[in-house]
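Spelled out, the chains give:
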Amino acid sequence: MRGERAERQPWQGLWLATPTLFWLLVFFVLPLLLVAVVSFMTRAQDAGGMLPFTLQHYERTLGIFSPILWRSLRIAALTTLLCLMMGYPLAFFISTRRSTVVRSLCLFLVILPFWTNFLIRTYAMRTLLANEGTINGILLDLGLLLQPLRLVDNQFGVLIGMVYGFLPFMVLPIYASVERFDFRYVDAAHDLGANDWRAFWRVVLPLTMPGVLAGSALVFIPSVGAYVTPVLMGGVRGLLIGNLIARQFGGSGNMPLGSAMSVVMMSVVLGIALLYWLIQRFTAIADGR
Amino acid sequence: MFKKAVFLLTLLCVPVVLISAHAAHHEGWQCPEGYEGQTLNVFNWSTYIAEDTIPNFEQACGVTVNYDIFESNEAMLAIIRQGNPGYDIIVPSGDTVATMIRDELLIPLDLAMIPNMANVSPDLLDPIYDPGNAYSLPYQWGTIGVGYNTEKLPDGISSWEEVWSHEGPVAWLDDRRSMFGFALLLLGHDPNTADADEIAAARDYLIERSGNVVAIAADDGQVMLERGDVDITIEYNGDILALADECECDTYAYVLPVEGTGLWTDNLAIPVDAPNPALAMVFIDYVLDAQVGADISNYTAYASPNQAAIDQGLIDEEMLMDDSIYPSEETRMNLFTIQESTAEQDELYNNAWDELLIFIGG
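Chains A and B, in that order, are what the protein sequence lines are. With this note's numbering, the residue at position 261 of the first sequence is 261, and numbering never jumps. With this note's numbering, the residue at position 180 of the second sequence is 180, and numbering never jumps.
If you're looking for bench data, these hints aren't it; they were derived computationally from the structure. Virtual Cβ for every residue (Gly too), placed ideally from N, Cα, C. Do not rely on the hints blindly, as some may be mistaken.
[Unchecked claim] A few chain A residues facing chain B, derived, Cβ under 7 Å: (1) Asp-141; (2) Gly-251; (3) Asn-254.
Put together the whole structure using the sequences plus the hints.
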């Protein structure tokens with residue numbers, strides 16, 4: 001009896017997932033397959049794809065476009081790192097408040113920016129940071145600057161915009177991890193002679209690592225393909241791969257090339273995710289877990 | 001009985017009042033019969049029509065007009081390619097007209113329904129991109145030039161060289177054919193070339209001169225100029241002139257570089273699968289009416305193709321005298337027009353522009 005049940009279990013209750021599966025099949029898997037097929041086609045005169053199949057778009061993506069691909073990965077990694085360095089202490093602070101009211105209030109404040117459209121918030125950031133924006137205006141009026149600081153229309157502007165936009169995605173998963181953390185482990189570490197730093201590195205961080213990894217993935221993946229922030233904050237000096245992909249889908253662009261760029265970008269992100277997973281497995285096995 | 005007579009009299013009066021209301025709005029243009037209650041869907045560039053053009057047409061024909069805007073030929077073309085979502089009128093630039101004719105995305109015009117075609121300047125009829133005006137008629141025309149902030153550049157500028165060498169932020173225009181056109185012109189090549197080596201040379205020429213570029217603006221260079229994000233922007237003339245007009249100040253100026261620059265024509269056309277092509281042709285005829293055309297151009301600060309409007313003195317005298325709106329014969333000698341785009345040209349220019357973006361950004 002027990003064996004029979006265990007065998008049936010993987011598919012039991014599958015119907016609960018059918019609406020989602022159907023949705024993803026029609027609006028994710030099929031379009032993705034289409035993109036993959038088109039990426040191997042020749043550009044037709046209407047910017048779409050036609051036969052014969054070719055590898056030329058992949059050559060171009062990995063050749064001439066590689067600087068932009070690297071830049072996108074670099075900026076996404078920097079965004080993730082900055083979000084982590086700011087988000088972890090904040091999540092730690094929030095989840096260690098004794099009062100539920102304070103905790104809820106803090107979480108509410110973290111989520112509050114979502115009440116306003118991301119596009120509008122990015123425009124607002126630009127207004128603050130522009131050459132004749134609020135920040136430069138105040139600093140110039142106070143005589144602290146002679147020339148306005150160039151805070152937008154470069155990669156720095158993109159970085160500010162992305163960290164601002166994605167920070168909540170880092171804070172929330174880490175918060176969930178830290179909240180579940182049993183602080184008696186820290187007492188135990190102290191009892192065994194560890195100082196605060198050592199207790200943090202050897203006990204707290206490893207046990208909250210799932211939150212860190214989830215948060216990093218939630219920030220890194222959308223950062224690589226970001227479109228709006230580079231356009232508004234980066235100008236031509238801060239274009240990322242997402243912007244160049246979008247160009248290919250204009251009226252006289254090159255959809256097969258855009259598809260190839262998308263496939264390469266997805267593969268890179270998947271590769272990094274796989275690497276993460278392998279490292280996690282490896283450390284888990286090394287720790288004997 | 002008496003009541004009934006009053007009622008009938010009132011009924012008789014209504015059309016009279018309506019007709020006189022028409023006459024007050026546009027003497028001259030009369031809407032043909034039989035379009036009452038119909039709908040027209042117009043897809044035009046932003047800030048590109050007078051405020052009363054559409055309401056007057058609705059009133060004259062008794063129709064409803066839905067008015068949508070697009071930001072670039074590329075964006076409009078992409079939408080029509082995916083299947084016309086229901087537009088009757090679009091406004092592509094010359095080379096985009098050629099592309100759309102090539103790809104069978106336009107409906108031929110029935111010129112017999114457009115008597116006001118006679119108002120169009122002969123210079124602008126029968127263009128290379130649409131021989132015999134089989135598919136399009138000119139809407140507005142103008143130049144691409146340099147808008148700048150006179151406070152940042154008190155001595156003014158007059159040449160492309162000064163744009164490239166300016167020590168301060170500059171915005172280029174996200175119009176690859178025109179940007180390559182400038183470079184090709186300055187290199188002594190044909191701005192319409194299909195030669196891969198010449199296009200590559202133009203790409204390198206622009207990359208070498210891109211040190212001060214902070215943005216490649218999609219038709220919003222005037223906004224960047226106004227915000228102080230840039231000192232100089234390459235833009236369509238009307239956008240800069242409208243900005244200078246709005247602020248009623250001397251802060252913004254527009255100049256045609258002495259080496260020469262681009263001239264463009266935007267055109268009224270009917271995309272395939274337009275739900276109401278007949279009413280669309282009536283609309284084209286309406287826009288080409290001398291008074292209607294003059295009102296549009298006086299509002300947008302672009303040049304009118306309507307010779308009748310110019311001859312009848314309906315265009316603002318000040319605008320007509322302005323060389324940056326209606327360039328003189330002498331100035332026009334220096335202006336090139338992007339005529340057409342073959343599939344090979346599309347790909348060459350597209351690739352070269354991508355490469356330029358990668359190099360400037362990287």
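Checked against the structure, which of the hints given earlier come out wrong?
Checked against the structure, the only hint that fails is number 1, while the rest are satisfied.
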